[in-house]
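Protein sequence lines, in the order shown, are assigned to chains L and Y.
Position one of the first sequence corresponds to residue 27 (our numbering), numbered consecutively onward.
Position one of the second sequence corresponds to residue 27 (our numbering), numbered consecutively onward.
Treat the hints with care, since some could be wrong.
Distance windows between CB atoms, simulated [claimed, not checked]:
1) Y:P227 / L:I394: 26 to 34 Å
2) L:A324 / Y:I199: 54 to 62 Å
3) Y:P227 / L:H316: 38 to 46 Å
4) L:R203 / Y:R203: 21 to 29 Å
5) Y:A385 / L:D218: 51 to 59 Å
6) L:N98 / Y:E176: 33 to 41 Å
7) L:R203 / Y:G46: 55 to 63 Å
8) Y:S320 / L:R203: 36 to 44 Å
The set of hints was computed from the structure by calculation and includes no laboratory data.
Where is the CB? At the ideal position from N, CA and C, for every residue including glycine.
2 protein chains.
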Amino acid sequence: MSEVYATRRSRLRDHFTAAGTTAALVTRPANVRYLAAAAPQGSALLLGKREDLLVCTGPPEDRPCEGRPDENLRLHVLPPNGVGAGAGAGGDAALAAADLAVAQDADSLAVEEHHLTVARHRAITAVAPGLRLGDLGAAVEQLRVVKDEEEISCLRIGAEIADQALGELLESILVGRTERHLALELERRLVDHGADGPAFPTSVATGPNSGRRGHRPTDRRVEEGDFLTVCLGATYRGYRCEIGRTFVIGTSPADWQIELYDLVFAAQRAGRESLAPGAAYRDVDRAARHVLDSAGYAEALPPLTGHGVGLEIDEEPQLAPSAMGKLDACVPVTVEPGVHLPGRGGVRIDDTLVVRPEADGGPELLTITTKELLAL
Amino acid sequence: MSEVYATRRSRLRDHFTAAGTTAALVTRPANVRYLAAAAPQGSALLLGKREDLLVCTGPPEDRPCEGRPDENLRLHVLPPNGVGAGAGAGGDAALAAADLAVAQDADSLAVEEHHLTVARHRAITAVAPGLRLGDLGAAVEQLRVVKDEEEISCLRIGAEIADQALGELLESILVGRTERHLALELERRLVDHGADGPAFPTSVATGPNSGRRGHRPTDRRVEEGDFLTVCLGATYRGYRCEIGRTFVIGTSPADWQIELYDLVFAAQRAGRESLAPGAAYRDVDRAARHVLDSAGYAEALPPLTGHGVGLEIDEEPQLAPSAMGKLDACVPVTVEPGVHLPGRGGVRIDDTLVVRPEADGGPELLTITTKELLAL
Numbered sequence: 027m028s029e030v031y032a033t034r035r036s037r038l039r040d041h042f043t044a045a046g047t048t049a050a051l052v053t054r055p056a057n058v059r060y061l062a063a064a065a066p067q068g069s070a071l072l073l074g075k076r077e078d079l080l081v082c083t084g085p086p087e088d089r090p091c092e093g094r095p096d097e098n099l100r101l102h103v104l105p106p107n108g109v110g111a112g113a114g115a116g117g118d119a120a121l122a123a124a125d126l127a128v129a130q131d132a133d134s135l136a137v138e139e140h141h142l143t144v145a146r147h148r149a150i151t152a153v154a155p156g157l158r159l160g161d162l163g164a165a166v167e168q169l170r171v172v173k174d175e176e177e178i179s180c181l182r183i184g185a186e187i188a189d190q191a192l193g194e195l196l197e198s199i200l201v202g203r204t205e206r207h208l209a210l211e212l213e214r215r216l217v218d219h220g221a222d223g224p225a226f227p228t229s230v231a232t233g234p235n236s237g238r239r240g241h242r243p244t245d246r247r248v249e250e251g252d253f254l255t256v257c258l259g260a261t262y263r264g265y266r267c268e269i270g271r272t273f274v275i276g277t278s279p280a281d282w283q284i285e286l287y288d289l290v291f292a293a294q295r296a297g298r299e300s301l302a303p304g305a306a307y308r309d310v311d312r313a314a315r316h317v318l319d320s321a322g323y324a325e326a327l328p329p330l331t332g333h334g335v336g337l338e339i340d341e342e343p344q345l346a347p348s349a350m351g352k353l354d355a356c357v358p359v360t361v362e363p364g365v366h367l368p369g370r371g372g373v374r375i376d377d378t379l380v381v382r383p384e385a386d387g388g389p390e391l392l393t394i395t396t397k398e399l400l401a402l
Numbered sequence: 027m028s029e030v031y032a033t034r035r036s037r038l039r040d041h042f043t044a045a046g047t048t049a050a051l052v053t054r055p056a057n058v059r060y061l062a063a064a065a066p067q068g069s070a071l072l073l074g075k076r077e078d079l080l081v082c083t084g085p086p087e088d089r090p091c092e093g094r095p096d097e098n099l100r101l102h103v104l105p106p107n108g109v110g111a112g113a114g115a116g117g118d119a120a121l122a123a124a125d126l127a128v129a130q131d132a133d134s135l136a137v138e139e140h141h142l143t144v145a146r147h148r149a150i151t152a153v154a155p156g157l158r159l160g161d162l163g164a165a166v167e168q169l170r171v172v173k174d175e176e177e178i179s180c181l182r183i184g185a186e187i188a189d190q191a192l193g194e195l196l197e198s199i200l201v202g203r204t205e206r207h208l209a210l211e212l213e214r215r216l217v218d219h220g221a222d223g224p225a226f227p228t229s230v231a232t233g234p235n236s237g238r239r240g241h242r243p244t245d246r247r248v249e250e251g252d253f254l255t256v257c258l259g260a261t262y263r264g265y266r267c268e269i270g271r272t273f274v275i276g277t278s279p280a281d282w283q284i285e286l287y288d289l290v291f292a293a294q295r296a297g298r299e300s301l302a303p304g305a306a307y308r309d310v311d312r313a314a315r316h317v318l319d320s321a322g323y324a325e326a327l328p329p330l331t332g333h334g335v336g337l338e339i340d341e342e343p344q345l346a347p348s349a350m351g352k353l354d355a356c357v358p359v360t361v362e363p364g365v366h367l368p369g370r371g372g373v374r375i376d377d378t379l380v381v382r383p384e385a386d387g388g389p390e391l392l393t394i395t396t397k398e399l400l401a402l
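Taking the hints into account, I'd like the entire structure generated from these sequences.
This is the structure in structure tokens:
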């Protein structure tokens with residue numbers, strides 16, 4: 027297993043040495059975890075001239091839930107002198123790593139300028155004035171886009187857990203319960219079924235709130251006749267998936283509810299069916315968006331209809347009108363169009379799928395809960 | 027109520043204009059919320075030359091739980107074109123705000139270099155090349171240290187909620203339940219009693235895990251004879267408090283448990299009793315630390331014995347050996363010494379208190395759950 031991490035680091039090293047840099051400093055937690063198997067709080071990863079070091083602000087065994095660092099990697103634990111989370115976790119480790127880079131005779135260091143703060147960057151220049159600082163850019167994020175089967179397997183287990191939690195909720199009585207309670211109940215079930223925790227704050231939206239992307243649960247109670255939109259995900263071994271479904275409460279959905287549901291369903295299907303290696307991100311977005319657009323919902327549409335998932339819940343690619351790039355095989359993405367009508371509510375349907383070539387059966391659906399309109 | 031926010035902004039303006047800057051850009055979410063009453067995701071606050079603007083990436087009414095922005099503040103909502111959380115929330119708003127600063131004829135802009143990334147800083151330079159960028163430093167964090175009675179009242183309510191949730195847990199059967207379950211149960215109860223949510227991930231630590239600061243709950247079950255350490259907090263209207271207690275499971279604590287508990291209790295009391303306006307941060311830390319130190323636990327000690335709380339769970343001041351500065355009245359802090367003995371477990375006792383002058387009765391204890399050693 028640990029060769030995986032060494033291989034990833036070696037690919038990154040190829041990248042920054044080709045760009046003329048001797049060493050690299052990785053500070054974004056999901057990137058550290060991707061390359062080191064673990065990202066203890068406040069840690070920084072140095073890919074040095076002579077060896078790679080994971081710099082931690084405390085012994086990683088104090089935080090077993092954050093994963094065990096790759097054994098091929100040397101650990102460098104900083105002494106605990108007045109480290110405060112308020113002072114900005116990770117700062118000491120980044121400075122110490124820059125110092126260690128110099129000790130390895132590095133003359134240049136690529137840093138993650140999109141993650142490192144200006145203050146930290148200045149501090150590195152101050153502790154290591156001889157070091158030429160460059161930009162690693164989103165190199166690690168780019169490596170992370172295409173997943174290996176081990177990573178996909180973690181996403182698949184996470185999706186099963188989310189499906190189970192959602193399935194159990196649907197068997198319980200919903201009317202009269204608040205959005206907040208339902209969300210907490212779902213999060214408890216995720217953990218019951220083996221998740222590390224929720225992949226993101228669980229969203230439960232009823233009545234006029236339904237269909238809203240990222241709605242934070244309120245004290246509104248489920249009522250007869252409501253749309254109920256639920257969006258949740260599990261984190262499993264660090265990997266995050268998501269599923270979203272909309273239901274109707276009571277025995278007979280209103281006509282407008284059935285129409286809106288069928289429309290969003292058609293849009294979501296169009297998005298799913300357009301997932302293929304080589305498909306442009308914007309074309310997948312357009313496939314889903316076009317269905318809603320031509321029904322007159324252009325105004326109500328979200329900025330994106332899907333996104334990559336992995337060690338973060340929202341990573342590259344973005345399935346959006348202005349996104350550049352094409353899908354590869356083994357890229358997991360969400361397809362999640364929705365329509366929200368102010369004052370009335372709406373529908374959102376969200377799956378996590380893995381892009382696969384047609385020869386392998388086409389896109390692999392990880393979140394298998396039914397997308398029929400259930401009346402609960 | 028909204029004058030509070032205008033007054034805060036005006037104090038900040040005095041600060042940066044005195045430092046020779048025309049305008050300021052605030053991006054750290056807790057700082058935006060402090061000055062604008064709300065910090066919609068991805069928002070940035072511009073204190074401009076002619077007027078103040080809250081720049082949002084979407085209408086704030088889409089996120090009612092994040093608070094309503096101060097009505098005296100002009101909102102500037104960006105069009106939703108391909109904004110992706112993965113691309114770094116807040117980026118578009120920061121760039122737009124810099125642009126708006128220029129439109130107001132500002133020639134210089136103080137930014138939060140400890141929050142703004144290097145990449146964003148460069149992007150601002152690119153969109154507004156005529157703008158001289160300075161550093162706002164931790165000016166807003168410094169304003170936030172001393173709380174007004176409205177803020178303290180939010181902390182007090184949060185502490186009551188945490189006390190209630192903890193009190194209810196103690197009435198239930200604990201043996202056989204896992205750390206994860208107990209933590210989830212506590213978080214559900216926090217929300218039941220009116221919290222916005224937990225102030226930080228609830229920590230439940232049993233047996234050998236007990237006494238560990240920031241322990242993440244595992245699947246270990248509570249056993250007879252265990253120490254059980256619980257650390258939780260509620261967020262109420264954005265304000266975060268914390269409480270930590272250690273209990274013993276079963277009818278008769280072992281001698282080492284009673285001894286260790288009494289010692290940590292004495293340390294925590296010494297820390298609490300040293301809280302007074304004018305007391306040096308390091309002296310409060312030393313008061314608590316000294317008790318543990320002289321009992322031979324110097325090795326087992328954490329880097330800090332307390333910290334400020336407010337819109338963030340860990341803010342200034344740090345009560346640590348190398349901290350510089352003195353307490354003021356109306357500063358809420360935690361006092362939370364603990365000892366963890368590897369393989370055996372330990373004790374941690376944590377209160378949130380507000381520094382008050384002796385004439386007002388001395389430090390105000392917000393978290394009032396008993397600190398007697400309860401055998402459950």
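Hint check results:
| no. | hint | in the structure |
| --- | --- | --- |
| 1 | Y:P227 / L:I394: 26 to 34 Å | 30 Å, holds |
| 2 | L:A324 / Y:I199: 54 to 62 Å | 56 Å, holds |
| 3 | Y:P227 / L:H316: 38 to 46 Å | 42 Å, holds |
| 4 | L:R203 / Y:R203: 21 to 29 Å | 24 Å, holds |
| 5 | Y:A385 / L:D218: 51 to 59 Å | 52 Å, holds |
| 6 | L:N98 / Y:E176: 33 to 41 Å | 54 Å, violated |
| 7 | L:R203 / Y:G46: 55 to 63 Å | 56 Å, holds |
| 8 | Y:S320 / L:R203: 36 to 44 Å | 54 Å, violated |
Hint compliance for this structure: hints 6, 8 are not met, and every other hint is.
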